[in-house]
Amino acid sequence: MEYIGNYKDWITPELMNHLKTRTGDTTPVWQPDRWKGHPMLDEFRELARPGFAHKDHDFQQFNSSSKDMQDFKFQLPDLPKQGDHQRWWFIKLLPGQMQAMHIDPHLVEVKNPVRYTMFLEDYHPGHIFVWNDKLASNYKAGDVFEWSDPMIVHGCVNISFQTRYTMQITMFDD
Amino acid sequence: MIYIGNYKDWIQQEWIDYLLTTDGTPRPQTTSENPNSPEFRKAASVGYDLTKIYWYHYTNTNNTFPLPLELPFDNNRNHIWWFIKMNPGMFMPMHKDPHAVEEKNVKRYWIALQDYEEGHIHINAGQFLSNYKKGDMYMYDDPTAIHGACNIGYNPRIVFNFSTYD
Numbered sequence: 001m002e003y004i005g006n007y008k009d010w011i012t013p014e015l016m017n018h019l020k021t022r023t024g025d026t027t028p029v030w031q032p033d034r035w036k037g038h039p040m041l042d043e044f045r046e047l048a049r050p051g052f053a054h055k056d057h058d059f060q061q062f063n064s065s066s067k068d069m070q071d072f073k074f075q076l077p078d079l080p081k082q083g084d085h086q087r088w089w090f091i092k093l094l095p096g097q098m099q100a101m102h103i104d105p106h107l108v109e110v111k112n113p114v115r116y117t118m119f120l121e122d123y124h125p126g127h128i129f130v131w132n133d134k135l136a137s138n139y140k141a142g143d144v145f146e147w148s149d150p151m152i153v154h155g156c157v158n159i160s161f162q163t164r165y166t167m168q169i170t171m172f173d174d
Numbered sequence: 175m176i177y178i179g180n181y182k183d184w185i186q187q188e189w190i191d192y193l194l195t196t197d198g199t200p201r202p203q204t205t206s207e208n209p210n211s212p213e214f215r216k217a218a219s220v221g222y223d224l225t226k227i228y229w230y231h232y233t234n235t236n237n238t239f240p241l242p243l244e245l246p247f248d249n250n251r252n253h254i255w256w257f258i259k260m261n262p263g264m265f266m267p268m269h270k271d272p273h274a275v276e277e278k279n280v281k282r283y284w285i286a287l288q289d290y291e292e293g294h295i296h297i298n299a300g301q302f303l304s305n306y307k308k309g310d311m312y313m314y315d316d317p318t319a320i321h322g323a324c325n326i327g328y329n330p331r332i333v334f335n336f337s338t339y340d
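Residue numbers (the working numbering), protein chains in the order written: chain A, 1 to 174; chain B, 175 to 340.
Misleading hints may appear alongside valid ones.
[Claimed, not checked] Among chain A residues calculated to face chain B with C-beta under 10 Å, some are: (1) Tyr7; (2) Thr27; (3) Val29; (4) Leu47; (5) Ala48; (6) Pro95; (7) Ala100; (8) Pro125; (9) Ile128; (10) Asp133; (11) Leu135; (12) Ile159; (13) Phe161.
[Said to hold, decoys possible] From the derived model, a few chain B residues whose C-beta atoms are all more than 10 Å from chain A: (14) Gln187; (15) Asn237; (16) Glu276.
Read the hints as simulated data drawn from the structure, not as lab findings.
Where is the CB? At the ideal position from N, CA and C, for every residue including glycine.
Isolated chain A (complex conformation):
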């Protein structure tokens, strides 16, 4: 992860209020319909099947298709690298919610992906994002990181007592 800069001013009270007061899409951790069509996705689908296929693990997500985002308009932050297209989504992890170790399914479908993560609130113990045996910690609200490898295996979980909010962006070409 390469630190890009702090975009705290982009995070408006209206955005945070929106995310905090809406549910978003309740998304299952195990997504067999999305985790297919690529050897890595096939591998993760089967690795996760025994532990996650029959449980009620899920997380909250807001993206351009979410009902809860149709009445909320905003412009993406002006990040250093742009692509022909952008895909964005917010992740809201309630206490106890998680995403098992995985790669992002959409990345196998796009060209020249550049993957960013923005933390929307200051680091809080128990807000866990791990990749390559590393933990993101001590970040501040608005800190943006570019992933050194968009296809890296990663996961997140919230074992704290307050909700965790992040924004994810992928830039990609035709």
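Could you slot chain B onto chain A? The hints should help.
Okay, now just chain B, sitting in the frame of chain A:
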């Protein structure tokens, strides 16, 4: 976390087999064993479901671990020990160990029973343990430090914990 050394030879294979094939006390589901503590009430207030199973706990006092075991050292001090198993998707919210707060001169230890796997997470005072090997023992810098654990990997996670105190 202070690295103490590797105690792989102390770990018995029958312990591993037992833990992987037998479930201990389900926590926090077993309400009769959960104190009506502020931490449990706080957890429930933010959405943790105390009727679910977040981890399995094993110890000698309730026969959930019936195999013979002696601590690697300090058996003559007051002590408690327990194993934890987390299947994929299980976790233990951030907390302080009650005994570490209540007892005097506590030394709190943690031993890996498996090599590190991605998604097997232990957080202690902001420190993430990774790349450890089976048998690696760590001592908490501060036994009262807030810590937590989870398994977002794909295989069960088992660890051994013990504390000694005056």
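Status of each hint after checking the structure:
At its closest, the beta carbon of Tyr7 (chain A) sits 24 Å from a beta carbon of chain B; the interface hint therefore is violated under the 10 Å criterion. Proximity of Thr27 (chain A) to chain B is violated relative to the hint, the smallest CB-CB distance being about 15 Å (cut-off 10 Å). Look at Val29 (chain A): its Cβ gets to within about 7 Å of chain B, closer than 10 Å, so that hint holds up. With a cut of 10 Å, the hint placing Leu47 (chain A) at the interface with chain B holds, because the nearest CB-to-CB distance is about 4 Å.
Proximity of Ala48 (chain A) to chain B holds as hinted, the smallest CB-CB distance being about 6 Å (cut-off 10 Å). For Pro95 (chain A), the interface hint holds, since its Cβ comes within 10 Å of a Cβ in chain B; the closest pair sits about 5 Å apart. Interface hint at Ala100 (chain A): satisfied, since its Cβ lies 5 Å from the closest Cβ of chain B, which is below the 10 Å cut-off. Annotation: interface hint on Pro125 (chain A) holds; nearest CB of chain B at approximately 6 Å, less than 10 Å.
Hint status for Ile128 (chain A): holds, given a least beta-carbon distance of 6 Å to chain B, under 10 Å. A distance limit of 10 Å between C-beta atoms decides the matter here; for Asp133 (chain A) the minimum to chain B is near 4 Å, and the interface restraint holds. A distance limit of 10 Å between C-beta atoms decides the matter here; for Leu135 (chain A) the minimum to chain B is near 4 Å, and the interface restraint holds. Checking Ile159 (chain A) against chain B: minimum C-beta separation of about 4 Å stays under 10 Å; hint holds.
A cut of 10 Å between beta carbons decides the hint on Phe161 (chain A): the least distance to chain B is about 5 Å, and the hint holds. With 10 Å as the threshold on Cβ separation, the claim that Gln187 (chain B) sits away from chain A holds: the shortest Cβ distance comes to roughly 23 Å. Under the 10 Å C-beta cut-off, the non-interface status given to Asn237 (chain B) relative to chain A holds; the minimum distance is some 28 Å. Listed as outside the interface, Glu276 (chain B) is consistent with that label: its C-beta sits roughly 22 Å from the nearest C-beta of chain A, beyond the 10 Å cut-off.
Hints 1, 2 from the list above are not met by this structure, while the remaining hints are.
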